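Engineer: The lines below spell out each chain.
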Amino acid sequence: DTKTLTLMLDWFVNPNHGPVIIAKERGYFAAQGINVDIQEPADPSMPPKLVAANKVDLAISYQPSLIIDVAAGLPLIRSATLIASPLNTLMVLDNNNINDLSDLKGKKIGIAMAGNVEASIDTMLKTVGLNYDDVKIINVGWALSSSLASGRVDAIWGGLRNFEANQLALEGFKAKSFFPEDYGVPRYDELIFVANANTYDKAAIIAFNKAIEQASLYIAKNPQKAWEEFAAFAPDTLNNELNKLAWNDTFMHFSAHPAAADLQRYDDYAQFMYTKKAITTQPKAQDYVLSF
Amino acid sequence: MSELTRVEPITVDPLLREVKSKQPLYKSLLRMLVSAAVIIGLWQAVVVIFEMPSFILPSPFAVFERLIERHQVLFKHGWVTAQEIILGLLLGLSMGLLFALQMLLFKPVKRWLLPLLIASQAIPVFAIAPLLMLWLGYGIASKIVMAALIIFFPITTCCFDGLRSTPSGYLELAKTMGATKWQMLRHIQFPAALPTLASGIRVAVVIAPIGAVAGEWVGSSEGLGYLMLQANARMLIDEMFAALFILSVLSITLYFVADKCLKKLIPWEA
Amino acid sequence: MSELTRVEPITVDPLLREVKSKQPLYKSLLRMLVSAAVIIGLWQAVVVIFEMPSFILPSPFAVFERLIERHQVLFKHGWVTAQEIILGLLLGLSMGLLFALQMLLFKPVKRWLLPLLIASQAIPVFAIAPLLMLWLGYGIASKIVMAALIIFFPITTCCFDGLRSTPSGYLELAKTMGATKWQMLRHIQFPAALPTLASGIRVAVVIAPIGAVAGEWVGSSEGLGYLMLQANARMLIDEMFAALFILSVLSITLYFVADKCLKKLIPWEA
Amino acid sequence: MSVDKQLLSGQNNAVSIDIVDGYLRYHDSADVILARLNIHIPARAWTCILGRSGCGKSSLLRYLANLLEDRVDWAGEVNTRPPCDSKDQITYMAQQDLLMPWLSALENVMLSTKFGAAHSSAKRTHLMVDKAHALLQKVGLKDKANYMPQQLSGGMRQRVALARTLLQDKPIILMDEPFSALDAVTRYRLQNLAYQLLQDKTVVLITHDPQEAIRLADQLYIMQGRPAFAESLIVPKSVTPRNFDAEFAELQQTIMGRLEQDYE
Amino acid sequence: MSVDKQLLSGQNNAVSIDIVDGYLRYHDSADVILARLNIHIPARAWTCILGRSGCGKSSLLRYLANLLEDRVDWAGEVNTRPPCDSKDQITYMAQQDLLMPWLSALENVMLSTKFGAAHSSAKRTHLMVDKAHALLQKVGLKDKANYMPQQLSGGMRQRVALARTLLQDKPIILMDEPFSALDAVTRYRLQNLAYQLLQDKTVVLITHDPQEAIRLADQLYIMQGRPAFAESLIVPKSVTPRNFDAEFAELQQTIMGRLEQDYE
Ligand SMILES: Nc1ncnc2c1ncn2[C@@H]1O[C@H](COP(=O)(O)OP(=O)(O)OP(=O)(O)O)[C@@H](O)[C@H]1O
Ligand SMILES: Nc1ncnc2c1ncn2[C@@H]1O[C@H](COP(=O)(O)OP(=O)(O)OP(=O)(O)O)[C@@H](O)[C@H]1O
Ligand SMILES: [Mg+2]
Ligand SMILES: [Mg+2]
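Chains as they are written, first to last, in my numbering: chain A, 1 to 292; chain B, 293 to 562; chain C, 563 to 832; chain D, 833 to 1096; chain E, 1097 to 1360.
Think of the hints as simulated: they come from the structure by calculation, not from any bench. The structure displayed is predicted, hence computed values, not measured ones. Worth double-checking, as some hints may not be accurate.
Unchecked claim - Calculated lysine to any residue pairs in the SDA-like style (CA-CA distance at most 25 angstroms, straight line):
(1) Lys826/C - Met746/C
(2) Lys1238/E - Leu1263/E
(3) Lys556/B - Met344/B
(4) Lys919/D - Glu464/B
(5) Lys669/C - Thr545/B
(6) Lys737/C - Arg1140/E
(7) Lys276/A - Lys826/C
(8) Lys1234/E - Lys919/D
(9) Lys1183/E - Lys826/C
To be verified - What follows is a set of in silico ranges between Cβ atoms, one per label pair, in the way DEER data are often shown:
(10) Val340/B - Ala703/C: 47 to 55 angstroms
(11) Ser730/C - Pro1179/E: 24 to 32 angstroms
(12) Glu1356/E - Ser386/B: 30 to 38 angstroms
(13) Asp920/D - Ser320/B: 35 to 43 angstroms
(14) Phe623/C - Ser460/B: 55 to 63 angstroms
Beta carbons are placed, not taken as given, at the ideal position from N, Cα and C, and that holds for glycine.
Given these sequences and hints, build the entire structure.
Structural biologist: Given below as C-alpha cells:
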C-alpha cells in the first residue's frame, strides 16, 4: 500500500520546484510506493515550523534558515537537496548608478525578511571597505522587484538570479547582480528538504529522494519537454512568459544527487553565521544533515 | 403570549413603510452602476496620469479582461471566501453578543475581562494566525475564526455601549414590574441597544472580509486571499485586482443586505 | 458668549463626579495587575498542557527575560509604532468625522459616496499596502495612512449613525430657533451623537495598531512590526512575543486613556 | 400553583405603609430634599400628595418604589403592614410616560406580562390580551392599539401608560401625576376609571390639581418647606369620588393657602 | 446693522395669522386629523386653544412652527399679516420639555443664543447671560442654574423650558401646555410672568385647563369633532389676566359642556 507524505513548499509553485512537480506528474512518487500531497504556504517561515511541530512530513527550506532553526533548537534534519547552489543575489538596476558595491554607501537596500541578511550583506560590503551601517536596510515584504523598479530602494537583497532578474527584464528593466559567493559569503544549498528529526520515516524519505533524483535526471535530459509538463500542472498560473524564462535559468541547477550532502559546506556556513553572530550556538552538520 | 402580541404591529407597518420606501430599487441600482463607473474612471485616470507601471496598478480594462477570462476560478475561490466570511460573521456576532452580555450582567466580570479583551485585540490577528493554523489546520475553520476574531471587538464594544446606555427610566419601569435581569435584557435593554448594535454590525460586516482574507494569507489552499497572494507572487497583478474586485463586490453586497435587515429590525429609528 | 457659558458647568461637575469616581486609581491598577497575572497564568498553562514547542509559543518567562534583556531596542521600536498609531488615529478620526459630516449634510453625497466607501473598506488594507508603500515611501507616512485607513470606516459609520439618530424633538426645537445646518450640527447633533461616536473611537483605538503593524510588515525599517518580522526570521520567537507584549501594552494604555477622555466628554451618560 | 398564588394575593393585598421620620438627600447634591417626613398610607385607600413643584414628591414615590436605593442617603423607617418585601408589591407609574418606542400601544400596555415569574399559559395570555384591549378601550384608545408611541399625542401616551399601570395586579399602586396631560373631561373620566379599578388597592397619587386630590383622597398630604415635610389635611367625610360642594371648596381654599404660604 | 435689525423687529413684531379651511393628515396614517379648520390669531394678543386629548392641537401648532412640512398632507391657507416668512418669526415651546441632557439648566435657557445670525459681541453675550439668570430666578430656579436636567424635577424641567422660550425675542410665540406639570400656585405665577413678558407678542397657547384659558385668552378656540374643526368662543370683555367671576364661571361651564359633548 502507498504511504502519503505531506510536503509543504517554501512558496507558491514555481520553476524552483520543477523536480517535485515532474515527479508527481510523471508518477515517479507512485512508482516508489508513496503519495505526495503538495501544499503551498504564503509565508516561507512557516513550513519548517510545521515540520518541527509534526503537522507536515516534509518541507522545502533554505540552508541558512535550517541552520538558524537547528541552532534555535527546532528538531529538524535535512533530508535532501533540491538546488545545491546559491541563487540569492544583491541586485541593482543596470543604469550606471551603482557599478560597484562601493557605490552602495548611504544607499537603501530592500530586503525580504530573512535571518542571514546582516551577516551576508556585511560580509559583502567588507570586501569594498564598507560595512552594514553604511547602508539603510528596509523591509519591503515581498514587493522586491517593484520596489527596485519604482526606485524606492537602490538595491534588493533576496531576489533570485533565475527569477527576479527575469521579472524585471519583462517589465523593461535591466538588472545587475552581485553574487554573494563572489564577495566572501560561503557557498550554500539554496533549496533543501527538511524533515522532523525525531519522527521522520526513513523508508518514505528514501523513496521520496529516489523519485526526486529520477525527476531531476529527466529534466536535465529533456528540459523543453519537462517545461511543458511542468506548465501543464497548473496552466492557469504557471504557463506564462516569466515562468518560462525562469525555467530556462533554473533547470541546470537542480541537484543531480539530492540525497548526497557536503557536510563541510554546512559546517562552514554555520561557522560563518556564528562568527557574524547570526546564531548563538553552532550546530554540527553531522547531527542534522543526514544522507539517505 | 408573545405569539399573539407579536402579530399585531404588522397592521401598522405597511403604513409606516409607505413613506419610507419611496426609492425604487432600480434607482439605487442605477446609482451603484454610476458609482462603479466613476471609480473605474478615476482608476484609469490614475493609471494614465501617474504613468503607473502595470505591475503596480494595472488598468481597469486589463483587470476586466482577466475577470472574464478567469471568471470560473474567481467564482470558485470567491465562494469559499464568502462562506468563510458569513460563518465568521455569525461566530463573531454571537461571541461578541455573549461577551457584551456577560460584561453587562456581571459587573465584576467586566472589570476583569476588559483588559484581557483589549489585549487580545491589540495583538494583530496576524501574529496569532500561525497558532491558529497549527491548532485548526489549513482548512476553513481557521479562517472563520480569524474573521470572527477581527469583528469580535467592534461587536462587543458597540453592543456593550448600547446595552449600558438604556434610558434609566425604562430600566426603572421594568424593575418595578419585577423583571429579572434576563427579562430586562431581553425586553428592554436589547431593543433599546439595537441602533448602536446596528452600527457595530455594519462595521463588522465590512471588516470581516479582512479577517478571512488575512487568514487565507497565512495559510490556505483556496479562497480569494490565496488567489491574490498567488497572483501577486507570480506578478499577475491584473488577476490580483480581479480577485480584489470580487472581494469588494462581496463586501458591498453583504453590507447592503445587512443594512436592509437592520432597517427592518429597527423601524422606530428614522 | 460661549466662553462665558462654557465656564458654568464646572461648578456642578465636581458634585456629579463625587459619586462616580469612588474607585480609586490604585484599585484599577491592582485589577490590571491581577488580570495580567491571570493572562500569564493561562499562557503558561497552555504552554504546559498542550506541550507547545517553544518555537510556536514560548513560555511567558522566556519572553519576560527577553523583554528585560532587550528593553532598549523594544522601547525604541515601540516608540516608533506608538507615533504611527497616534498620528494614524488622529488622521483617521478627522477623516472619518469629515466624511460622516459630509454624508449627513449633503444627502446625495451619501448615496453616491457610501458604496465607494464600503468598496474601499472591503479591499483589505493589506492589498493596497504595497501601493501605499510605493506612493508614500517606506517611512512613517505610509503606516500612518494604513492605521488611518483601517479605522476610517468604524469611525465614519459610528459617527454617521450617531449623528443621524438625534432625537427629532431636539432637532425640531433647534430648527424653530433658526439654527443653521452647521449650528445644528455643532450644538445639537454632535453632542447627542457623542455616546455612539465614543463606541466608534473605542473600536478605532484598538484596531489602529493592526493597521500600523501591518504597514510595517509590508515595508519598513523600524517599528514593532519590523522587529517582529526580524525576530521571526531569526527564530527568536521569544523576542517576537516580547514585541507583541509591548504592542499590547501600548494598545491597552491607549484604550484606557481614550476611555477616560471620552467619559470626561460625556458626563451625562452613566 | 399559579392559581394558589393569585388567590393568596387576592386575600392578602391589603398593605399599609408608614413612613416615620423620613430623610432623603441625593448623593450628587448638598440639598436635603426631605426631612422629618411622616406619612401614613392606609391600606385599600387613596392617599393623595400635593406640593410645590420640586419639593420632592417624585423623589418620595421613587424611593418607595425602590428606585433610588443607591443614589440617595435615606434615613428613617418605611414600614409595611403586614410586613412584606415591598419590591414585589408595587406598581409604579412615573411622571414621564416611558413608552417603549419599539412597542405598539397594545404591546406597551402588556409590557408587564413579559416580566416576573412566567406563568404564560396560552389561556392566560389570551386573557391578558383581552384585558389590555379592554383597558385601551376604556382609556379611549380602542382604535390606536397598533399605533407606535411616536404616532400618539402627549395625552394619548399618558393614557397608554395609565392602561399599562392598570393592567398590573399588585396591592400597592404609586402614580405620579397620571392625568397631567389630559383635558378636563378625559381626566374626570379616567379618575373614575382608576377609582373603580383600584378600589381594593393601596393607592398613592401625586397630583398638582387640588380638585383632583380632594375628589379622590381618603388621606390627603401636602408637602411643604425646604427640606420638605408632610402635613396631613382633613378630608371631607363623604365617599370618594366626591362631588363639588361647600366643604370641597373650603378645602381647596386651604390647599391653595398652604401652597401660597410655602412660596413665601 | 444688527441694531437696525433689532429696531426693525421692535417696530414690526405685530404679526397676525389666519388659517383658512385647514386640512391635515399624517402620511403614515389614514385618519384625517384636521378638516375645515378656521382660526384667526390676532396680533399682540393671546389665542388659547382647548380640545379633547388627541384631537390635533399639537399637530396644528407643530404645523404652524414648520415642523411637519414633509410628514403631513396639508390643504388650506395660512396667511400672516404682514406677509412674512413665518419661519424666522416663531418661538415654539413643545409639549415635552426637550432639555438637552448635556447642558446645564442655564445653558439650556441660553440655547437659542447659539443659533441664528451670530452677533455675539462680548457685551451682548453678557446681556444674555444676565437675562437668562434673571429668567431662571423668575421661574423660581435661581439656585438650580448649574444643575443638569437629570437632576431636576418634572416641573422644574418645564420651567427651564419656559425660561428658554421667554428668552427668545420673536413676534410669534407658540406654547403647547407650558404649565401642565406645575402646581396651582406656581402655575398661577408663571401665567402672570408670561403674560407680562409677552405683552406685545402674538401668543398661541394650548392648554387643558379651562380656567387657564379663560384667564389669559383674548381669543378662545375649542377644537371639536373628528376630524377636528375649531369653534371660537366669546370671551369676557374684561382685560387679561382675568379674575374669577360669574362670567368666567359661565364660560367654564360652556367649555366643559363642549368637551363633554365632543366625547359622545
Ligand atoms: N407621526 C404621526 N403619525 C400618525 N398619526 C399621528 C402622528 N402624530 C400624531 N398623530 C395623530 O394625530 C392626532 C392628534 O395628535 P396631537 O398630538 O396633535 O394631539 P393633541 O391634540 O396635541 O393631543 P394631546 O392633548 O393629548 O397632546 C392623534 O390621533 C395622533 O394619533
Ligand atoms: N438625580 C438628582 N440629583 C440631585 N438632585 C435631584 C435629582 N433628582 C431630583 N433632584 C432634586 O430633588 C428635588 C425634588 O425633585 P422631585 O422630582 O422629587 O420633585 P417633585 O416634587 O416631583 O416636583 P415636580 O412636581 O416638579 O415633579 C428637586 O429640587 C430636584 O432638583
Ligand atoms: Mg415630580
Ligand atoms: Mg398635544
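Engineer: All the hints need checking, so say for each whether the structure fits it.
Structural biologist: Right, here's what the structure says about each hint:
no.	hint	verdict
1	Lys826/C - Met746/C	holds, 22 angstroms
2	Lys1238/E - Leu1263/E	holds, 15 angstroms
3	Lys556/B - Met344/B	violated, 45 angstroms
4	Lys919/D - Glu464/B	holds, 12 angstroms
5	Lys669/C - Thr545/B	holds, 21 angstroms
6	Lys737/C - Arg1140/E	holds, 24 angstroms
7	Lys276/A - Lys826/C	violated, 54 angstroms
8	Lys1234/E - Lys919/D	violated, 40 angstroms
9	Lys1183/E - Lys826/C	violated, 37 angstroms
10	Val340/B - Ala703/C: 47 to 55 angstroms	violated, 25 angstroms
11	Ser730/C - Pro1179/E: 24 to 32 angstroms	holds, 29 angstroms
12	Glu1356/E - Ser386/B: 30 to 38 angstroms	violated, 58 angstroms
13	Asp920/D - Ser320/B: 35 to 43 angstroms	violated, 52 angstroms
14	Phe623/C - Ser460/B: 55 to 63 angstroms	violated, 48 angstroms
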